[in-house]
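Residue numbers (my numbering), protein chains in the order written: chain A, 3 to 532; chain B, 517 to 632.
Don't take every hint at face value.
Far from chain B, by Cβ distances over 12 Å, these chain A residues were calculated [to be verified]:
| id | residue |
| --- | --- |
| 1 | Met3 |
| 2 | Leu22 |
| 3 | Thr68 |
| 4 | Gly121 |
| 5 | Lys124 |
| 6 | Ile311 |
| 7 | Ile409 |
| 8 | Ser522 |
To be clear about the criterion: a stretch of chain B counts as covered by chain A if any three or more of its residues have a C-beta under 8 Å from a C-beta of chain A, and this derived list gives those stretches [as the list claims (entries may be wrong)]:
| id | segment |
| --- | --- |
| 9 | 529–536 |
| 10 | 575–582 |
| 11 | 587–597 |
| 12 | 615–625 |
In case anyone wonders, no lab produced these hints; they're calculated from the structure. The structure displayed is predicted, hence computed values, not measured ones. Glycine included, C-beta positions come from ideal geometry on N, C-alpha and C.
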Amino acid sequence: MNIVDMLLTHAPALTIAIPLLGAFLTPLISRVSEKGRNIFAIITVGITALFVFLMASEVLSNGPMTYVFGSTAATVQQSTVIRILFEVDALSIFMAIIGIILSFVAVVYSYAFMEKNTGLDKYYTLLLLMTTGMLGMMLTGDMFNFFVFLEITSIASAALVAFWTNKAKAVEAGFKYIVISTIGALFVLFAIALLYGQYDALNMAKIAQSLGISGFTFIDKIALVLLIAALAMKGGLAPMHMWLPDAYGRAPASISLLLVGATQASLYGLFRIVFTVYGDVISLPSISIGWILVLLGLITMLIGVIMAIIQTDFKRLIGYGAVAELGYMALAVGTGLTIVANADPNITLETAPFAMKAITGGLFHVINDALDIGLLFLVAGAVYYATKETSLNKLGGLARNMKYTTIFFIIGLLAVSGLPPFNGFASKLLIYESTYQLNPILSIVAILSSILLLAIFVKVLHSVFLGPALPKYETVREVPKSMLLAMAVIAGIIIVFGLFPQVIVTNLVEPAANALVNNSGYLQWLTGGF
Amino acid sequence: MIEMMLETFETGTGYWHPLVWLVAFVIIFLIVYIIRGFGEKKYKKGTGQTQAFLSGNKEYDKQLMHVQSSNLYWGWTEALKWIIDVLKKMHTGNVSDYVLWFVVVLGVLLLFVGLM
Numbered sequence: 003m004n005i006v007d008m009l010l011t012h013a014p015a016l017t018i019a020i021p022l023l024g025a026f027l028t029p030l031i032s033r034v035s036e037k038g039r040n041i042f043a044i045i046t047v048g049i050t051a052l053f054v055f056l057m058a059s060e061v062l063s064n065g066p067m068t069y070v071f072g073s074t075a076a077t078v079q080q081s082t083v084i085r086i087l088f089e090v091d092a093l094s095i096f097m098a099i100i101g102i103i104l105s106f107v108a109v110v111y112s113y114a115f116m117e118k119n120t121g122l123d124k125y126y127t128l129l130l131l132m133t134t135g136m137l138g139m140m141l142t143g144d145m146f147n148f149f150v151f152l153e154i155t156s157i158a159s160a161a162l163v164a165f166w167t168n169k170a171k172a173v174e175a176g177f178k179y180i181v182i183s184t185i186g187a188l189f190v191l192f193a194i195a196l197l198y199g200q201y202d203a204l205n206m207a208k209i210a211q212s213l214g215i216s217g218f219t220f221i222d223k224i225a226l227v228l229l230i231a232a233l234a235m236k237g238g239l240a241p242m243h244m245w246l247p248d249a250y251g252r253a254p255a256s257i258s259l260l261l262v263g264a265t266q267a268s269l270y271g272l273f274r275i276v277f278t279v280y281g282d283v284i285s286l287p288s289i290s291i292g293w294i295l296v297l298l299g300l301i302t303m304l305i306g307v308i309m310a311i312i313q314t315d316f317k318r319l320i321g322y323g324a325v326a327e328l329g330y331m332a333l334a335v336g337t338g339l340t341i342v343a344n345a346d347p348n349i350t351l352e353t354a355p356f357a358m359k360a361i362t363g364g365l366f367h368v369i370n371d372a373l374d375i376g377l378l379f380l381v382a383g384a385v386y387y388a389t390k391e392t393s394l395n396k397l398g399g400l401a402r403n404m405k406y407t408t409i410f411f412i413i414g415l416l417a418v419s420g421l422p423p424f425n426g427f428a429s430k431l432l433i434y435e436s437t438y439q440l441n442p443i444l445s446i447v448a449i450l451s452s453i454l455l456l457a458i459f460v461k462v463l464h465s466v467f468l469g470p471a472l473p474k475y476e477t478v479r480e481v482p483k484s485m486l487l488a489m490a491v492i493a494g495i496i497i498v499f500g501l502f503p504q505v506i507v508t509n510l511v512e513p514a515a516n517a518l519v520n521n522s523g524y525l526q527w528l529t530g531g532f
Numbered sequence: 517m518i519e520m521m522l523e524t525f526e527t528g529t530g531y532w533h534p535l536v537w538l539v540a541f542v543i544i545f546l547i548v549y550i551i552r553g554f555g556e557k558k559y560k561k562g563t564g565q566t567q568a569f570l571s572g573n574k575e576y577d578k579q580l581m582h583v584q585s586s587n588l589y590w591g592w593t594e595a596l597k598w599i600i601d602v603l604k605k606m607h608t609g610n611v612s613d614y615v616l617w618f619v620v621v622l623g624v625l626l627l628f629v630g631l632m
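If we strip away everything but chain B, and leave its shape as in the complex, we get (with noise of 0.2 Å):
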């Protein structure tokens, strides 16, 4: 059992060991680590040093500074407004829509296989 779970995993045209990743893995996290230790050390927790600087105008309450789920992503939905705008359209929330979209399916479906 412990052999077959050393074995490598064969993907046809490739392979994959995740055992082998994970040892890569925590090696080059320790090398991350050991770096990071040359960092800056006048770090000062809670001063002005971690303050976020707005162009010199006053911060924001905490809860404004979020940025909603709706703000992110926003030149990728504008980019691909054209394709969005035509899904939300399909999606109409109307049961009766879900089903035309199956007698769509079954009617292309059956002229395929009926002509075959």
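If we strip away everything but chain A, and leave its shape as in the complex, we get (with noise of 0.2 Å):
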């Protein structure tokens, strides 16, 4: 086995192990030089990115990874033994490219941003367990192990979100943060409890199988409706998305842009659990879960947009405008869910192929909107940077002394309203014409949510970056080149989607959407191995 092979071999431990031993290298790092210590977070970054990737290359190209951490055996005397496994699919691996992406673009742009901040061995630990924590949830197979990865990046995030201490407004949002985390893991660990008291097991996959054999009992039912609320609500998912403006608009604008793909490893959580866990008994509800998804989602778009367009804060706006995003997703998921757990033998995938086209969209929308909206909220940092200033109110002309700040901004605001030829237009035409096919109304509404979001950021740009050139803002100068490359990254990889969209879908967003759709694949590729 050559050196390449023995990494990729071990590349699903590493990719957590990495990030993890560099978050408690930091502060030891930190006592010798703090410039150091914020190149050593790059470098821990940027090779967790690289083992990410290759895992990628790997698993889009061979199928599916698995890593067990314990016993080889799954039994051994016919007791069950302990072990964790990551099961690593092209979902979950679609998953963590979007987490490091952010990651790395974070701590990129944290260089300059934080620099005159104090308490960065904290901000930087905390940052790579936040990292740690959002991969472990994407990656692994195991449910308590799920719950465990949730509560890394929870208290993480908390931390994060309630960094800026001097700051009663952000140490507000960091307790709201982590009481609202702390409600949802709690009822997260509750429903794992009613799977392991039934099934005696916490692997996804074996509990899927379980499932299958023992129907839909009543406790499995309650245990879907509590991970369906607690998932959701960290999803950002109205009426349960109150804690999101607030901690996406406290947090400093690096920790937004990861608090994105938090938000969305457990919105990913939810998706695992209805699709894989719950795939095979799902169809049986005569209420199916995904119009539940559905309506959560037209909600969600309707009081996020509705929300941000009377906001006066940079930052709270951005946030609700990713709430409305966040709803697009659910409406796209649960426009497929409808279709592929619909009990009628004579609507299946086959005969409503649009259900498999909205999973897609609803998919490549999650990559999309962590771009969109990340750009977005390094935009907001990059204008606090340079003015001390989150008003909307009160900020004015900048576009004349931040060009490249607001040539980013203006790339943000079309692909995030799902203008062409950005990327946000290609996954929102997806969800467009699948939501059609089952009803034109959510397709109405989600245009008009989009219609909305434009008219909301062309308000953001009229207010913060035209108009006269205010006094005040004189002497604001552009940001550091870190942070203009941070964003430059962003808005790149924009542009190559939104020019390029179908090399995308090919390759990394139908393998996760087939990867979604068919558990059995899933189940059957672990048959003997748990």
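Using the hints, build the complex out of the two chains.
Given below as structure tokens:
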């Protein structure tokens, strides 16, 4: 076995181990050199990114990877042994790519953005822990392990949201975030305990298999509801979204970017539970879970855009925009699930191919939203860095002094509003067309929300960047190069995804959508591996 | 790879080709630019031609002329006041209320799924 093969074999474990080890080494390096610590954090995330992309090439070309922590045998003398499985399929790796891109950009951006702050050893430690938790949630195939990584992500995120402890609102937002996260995680744990009590298993595939045999008991239903509600709240779906603008709005911009990934990791968990764990029995309920997701998606979109339009704080406004964007994902995946989980044998993926397009659109929008909203948060951070102001009423005329930041904002604005030729258009087009097939009203609401998103961000463009030069911002200069580089990386990916959507969809999104829908493949591949 | 990059993006019931759109955009831009060339050439920057005329009133200070964010979409927010007020009431900023919404959703979902 050569070195590359060996690294590839252990890549799932190394993807978690490297940022985790990096997190604990950061305070130590910080004692030696502060600049060295910043570079160390960038290198740590960079190496983790290499492993993620290495795994991606393996998974997308040769199929899913499994990594076993603990006993190689599932049972010893007929008793269950302690072991955790990482199960990396096309969906997991798709999410991990999003997470690691956001993490890398966040750490590069932080280099200059956080430069003048104290306590940065803690900041980088928490940032790396957050990355670890997020990637863990995306790669694990074990329910309890998922809960552990959810907790790691939540605790690190809450501390980072409240990082600017000199600002009361930041501390308040951090407090709210930890309350919501703890309650969410508690209900996830409760659901896991119910399933464990029923099936004596924590492995997702094993539980899915057992669920298929036992049918859909009342306890299973309760566990499903607890998981959906808790993960939907952590995923920012309305009306449980209210923590999101608080947290996104008060965290440092680099952390807001990473929070987008953490939120999506929870949504990933929701999709994984519904499609993979409950995939075989979800068609039994007479009221489709798909319709519940569709409804939550619609409410999320509408509340997000209406609340965004009246905001006067730059980051809070983007926070509500992010809420609306999450609605699109729930709407699209819910549309797909409505068909996948339909009890009517005449309605299947074959007879309703738009369902697969809806799921593809929803997943494509996951990555697009991460990039678009992420870029807007970085721009908001750049504006704050230059002016120390986030109130839209007090800003204006910055395009004269911050040309590159303005260009990045315009790219983000057009992308998030779903205007051609940017990436948001491609995924939203898939969502509009597929949801129209289920019910035209869904598509109309989605289009209306996009129009409102455009209006919202045009308002920001006018308020922050256009208008006469304001005397108090005469001395404002463009932000440092590392921050511009971070924004340029995301803007570049947005443009590439927008111009060549077919490449991304064929190579990355469709395999992820297939992995999500075909849970039999997920279970089959694990046969004998429990 | 290049072939794949040039492929049309199929959406199930429609098609989308960003590169064709881009070419069309450039052509339209050039046409507009050429038409612009036929425009008025007597325009003089920095003269009275470029000054704002506010019914003969003196122009305010530049800073005051900037329309603030809260004044934008006034008509829209006024027309939707009924729903905006409801949503504002919902968003209390109190974390206990956030949890309450979670309990409400949990209860509704339990009812739906439990009754199946």
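Cross-check of the supplied hints:
1. Its beta-carbon lying about 30 Å from the closest one in chain B, Met3 (chain A) satisfies the requirement of being farther than 12 Å from that chain.
2. Listed as a non-interface residue, Leu22 (chain A) keeps its Cβ farther than 12 Å from every Cβ of chain B; the least gap is roughly 30 Å.
3. Taking the minimum C-beta to C-beta distance to chain B, about 30 Å, the non-interface status of Thr68 (chain A) holds against the 12 Å cut.
4. No Cβ of chain B comes within 12 Å of the Cβ of Gly121 (chain A); the nearest lies about 25 Å off, and the non-interface call holds.
5. A cut-off of 12 Å between C-beta atoms confirms that Lys124 (chain A) is not in contact with chain B; the least separation is 24 Å.
6. Residue placement check: Ile311 (chain A) does not keep its beta carbon more than 12 Å from all beta carbons of chain B (closest about 6 Å).
7. Separation of Ile409 (chain A) from chain B is adequate, the least Cβ-Cβ distance of about 17 Å exceeding the 12 Å criterion.
8. Consistency note on Ser522 (chain A): stated as away from chain B, and its beta-carbon is indeed over 12 Å from all of that chain's, at 23 Å minimum.
9. Three residues within the 8 Å Cβ limit are the bar, and the segment 529–536 of chain B against chain A gives 5, so the coverage statement holds.
10. Only when three residues or more bring their CB closer than 8 Å to a CB of chain A does the claim for the segment 575–582 of chain B stand; here the count is 4, and the claim holds.
11. Given a C-beta distance limit of less than 8 Å, the hint that chain A covers the segment 587–597 of chain B holds, as 5 residues qualify and 3 suffice.
12. Evaluation of the coverage hint for the segment 615–625 of chain B: fulfilled, as 7 residues show C-beta separations to chain A shorter than 8 Å, against a requirement of three.
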